[in-house]
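Q: Sequence:
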Amino acid sequence: MTQDMQVSLLCIGTRHRSGWKDHELAVGIPMHQFDSIADGVFNTINIMESNEKKRVIEEKLLKSGITELNIEYNSNYYKKV
Numbered sequence: 026m027t028q029d030m031q032v033s034l035l036c037i038g039t040r041h042r043s044g045w046k047d048h049e050l051a052v053g054i055p056m057h058q059f060d061s062i063a064d065g066v067f068n069t070i071n072i073m074e075s076n077e078k079k080r081v082i083e084e085k086l087l088k089s090g091i092t093e094l095n096i097e098y099n100s101n102y103y104k105k106v
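My numbering puts the first residue of the sequence shown at 26, with every later residue one more than the last.
If you're looking for bench data, these hints aren't it; they were derived computationally from the structure.
Accuracy of the hints is not assured; some may be wrong.
Pairs of lysine-lysine residues, derived as DSS-like cross-links and limited to a Cα-Cα distance of at most 30 Å, are as follows [what the hints assert, rightly or not]:
(1) Lys88 <-> Lys104
(2) Lys85 <-> Lys104
(3) Lys79 <-> Lys46
(4) Lys104 <-> Lys78
(5) Lys104 <-> Lys79
(6) Lys88 <-> Lys46
(7) Lys78 <-> Lys46
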């Protein structure tokens, strides 16, 4: 065990057998790294995503029971609206 994040693009046999989609992959993260990685991903939403994608992200998070959201619409680093 290396205690590093592991990424798999998933072999074609696994994709067919499990029904995974072409855009899906698998990621394994050591538990001690999970919180900081999740925080980093959450912190990129406002600066990177369009309003359309922010809506989709917000809907999915709310469906998952995550309600403490600070999503800022009409704002990202490449286009201040």
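Q: Which of the numbered hints are not met once you compare them with the structure shown?
A: Result: no hint breaks.
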